[in-house]
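S.K.: Spelled out, the chains give:
Protein chains: 2
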Amino acid sequence: MLPFSRVAIIGLGLIGSSLTRAVREHMPTVRLTGHDADPAVRARAVEIGLVDDVTDQAATAVTDADLVILCVPVGAMAEVAAAIAPELSNGAVVSDVGSVKASVIEAVQPLLPAGTHFIPAHPVAGTEHSGPDAGFSTLFHNRWCILTPPEGADQTAVARVTDFWTKIGANVEIMDARHHDLVLAVTSHLPHLIAYTIVGTASDLEDVTQSEVIKYSAGGFRDFTRIAASDPTMWRDVFLANREAVLEILQRFTEDLTALQRAIRWGDGDALYTLFSRTREIRRSIIEEGQDDARPDFGRTHE
Amino acid sequence: MLPFSRVAIIGLGLIGSSLTRAVREHMPTVRLTGHDADPAVRARAVEIGLVDDVTDQAATAVTDADLVILCVPVGAMAEVAAAIAPELSNGAVVSDVGSVKASVIEAVQPLLPAGTHFIPAHPVAGTEHSGPDAGFSTLFHNRWCILTPPEGADQTAVARVTDFWTKIGANVEIMDARHHDLVLAVTSHLPHLIAYTIVGTASDLEDVTQSEVIKYSAGGFRDFTRIAASDPTMWRDVFLANREAVLEILQRFTEDLTALQRAIRWGDGDALYTLFSRTREIRRSIIEEGQDDARPDFGRTHE
Chain A
18 MLPFSRVAII GLGLIGSSLT RAVREHMPTV RLTGHDADPA VRARAVEIGL
68 VDDVTDQAAT AVTDADLVIL CVPVGAMAEV AAAIAPELSN GAVVSDVGSV
118 KASVIEAVQP LLPAGTHFIP AHPVAGTEHS GPDAGFSTLF HNRWCILTPP
168 EGADQTAVAR VTDFWTKIGA NVEIMDARHH DLVLAVTSHL PHLIAYTIVG
218 TASDLEDVTQ SEVIKYSAGG FRDFTRIAAS DPTMWRDVFL ANREAVLEIL
268 QRFTEDLTAL QRAIRWGDGD ALYTLFSRTR EIRRSIIEEG QDDARPDFGR
318 THE
Chain B
18 MLPFSRVAII GLGLIGSSLT RAVREHMPTV RLTGHDADPA VRARAVEIGL
68 VDDVTDQAAT AVTDADLVIL CVPVGAMAEV AAAIAPELSN GAVVSDVGSV
118 KASVIEAVQP LLPAGTHFIP AHPVAGTEHS GPDAGFSTLF HNRWCILTPP
168 EGADQTAVAR VTDFWTKIGA NVEIMDARHH DLVLAVTSHL PHLIAYTIVG
218 TASDLEDVTQ SEVIKYSAGG FRDFTRIAAS DPTMWRDVFL ANREAVLEIL
268 QRFTEDLTAL QRAIRWGDGD ALYTLFSRTR EIRRSIIEEG QDDARPDFGR
318 THE
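Residue numbers (our numbering), protein chains in the order written: chain A, 18 to 320; chain B, 18 to 320.
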């Protein structure tokens, strides 16, 4: 038995188009509708057959849908929610894939009509590529999808959304929205902020050329450029929407970096060695838990 | 015609053992000797046949060698140089693979006897793994090896070392040692410092558990754990040996991070968007230059 039979995906970028592909693969009888604000993306979605019906208006896509998933940048959630609200069926479940949860709940929840259920979700998965061609059906396999149902949320709706994500290969976890925002500030938002910063710093030096940075990037720098190539609109919105948690974690990071800076300045090799020794363990655990590639150097080809 | 016929590798870890494998593959007639300070590594080197002769003393390995490559942590270079100096043949070329060059030249050069040639080198290649089993013959393929010959270095020796690295698949660049240290502070040392820091920060939080950090690491964090799993002794030595350049680049990074922090605090979305948009270009160039994997998500498997 399928948890939903008519699914609408609003936003057909990397995540939205991966979702439609995953639904096609695992729940082929589901009727899929889709919308994207960008006419070029809509045209491409038609061309590659991402959904059964691509609509020009978001509201038209959600008519009759029993599950609507908002796959737009966090800053665009409220506008989309307002646009679809009048067309939502009674009993429809609305969900999203935003990387920040408390602010999305605050923005979206009040706009949805009585009789609908908002069950926010965040699949912790992605690549550095964007757009409808970047998606693929296995993106969520063995990745975690975190649901942050607001207090008093309908438990049947939560169970159905859980079933939906499980069917496309994800593991589901339920979490408080504020706690989600703090956890993701550590495991996702700060890493992106730092990667963007270091790539920016390296581009702006006077004594080291851009060409040198590129040539010798295999020394470590190139690892940072992957996530610094992520979608700029999405990430601008994440930092604006999760300001407090990001600033809190950034403060901790800066303190730790300052301590290391001081150890380098004073030649305190023991302090450096102690930190550098205990960071191996965490990578080992990530690999054991199936959250990263065990092959050396991310399995990069050496030909 | 081979540039060298008897090569001694001192230090049989990731880099040293990759070198012996590459020499075997591309210059099979070369006689290879090797030494490692760790008896367990020596025993393993014998077991897997890394070299023709594993010696208990570094000095014994270099007798008759026409090329000696020091593959030990930067902080151990002087001790090894002093140990081998009495046994070096007249005309022997001594090189190394250290990630810092000015301090290695300063430490090693004065210890080598007249009639030998010191041609420092740094192959910009590696993985997060260590030890004699971690090496592989293609590690240096299409990677850059930077030579930093001191003023007045013998040009024939430089040409022979260039030939050696080219034969095992690397591209060779000649650079001033101080400039090398600044360039690598950007493309390698700062990235490692930041990766070690953020992995440390994430391990030390009170409100986010280690298990949460591991589970949700696919949001970006896991990319940093790879280089934070690198050899602690090697990296302690790099930061102690390249203090000035690292502190200079770190200062720039901190300024840039502070500017972003301020943009987040004041909700300056335009500043964030501007930076996030220009960092994509540099990754594209790295891929075009063959210095990283073009596949999304580093080609990680999604099964």
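One or more hints might be untrue.
Copies of one chain are not kept apart here, so a pair can be met inside one copy or by any two copies together.
Restricting the straight-line Cα-Cα distance to at most 25 Å, the calculated cross-link-like pairs of lysine to any residue (SDA-like) are [stated by the list, open to error]: (1) K184 x T318; (2) K184 x G66; (3) K184 x T291; (4) K184 x F270; (5) K184 x A102; (6) K184 x V225; (7) K184 x D171; (8) K184 x P56; (9) K184 x E265; (10) K184 x D73; (11) K184 x L264; (12) K184 x P249; (13) K184 x D314; (14) K184 x L19; (15) K184 x H43; (16) K184 x A54; (17) K184 x P313; (18) K184 x A288; (19) K184 x A276; (20) K184 x H319.
Hints listed in this document are in silico derivations from the structure and should not be mistaken for laboratory results.
S.K.: Of the numbered hints stated earlier in the document, which are not met by this structure?
M.R.: Violated: hints 3, 4, 5, 6, 8, 9, 10, 11, 12, 16, 18, 19.
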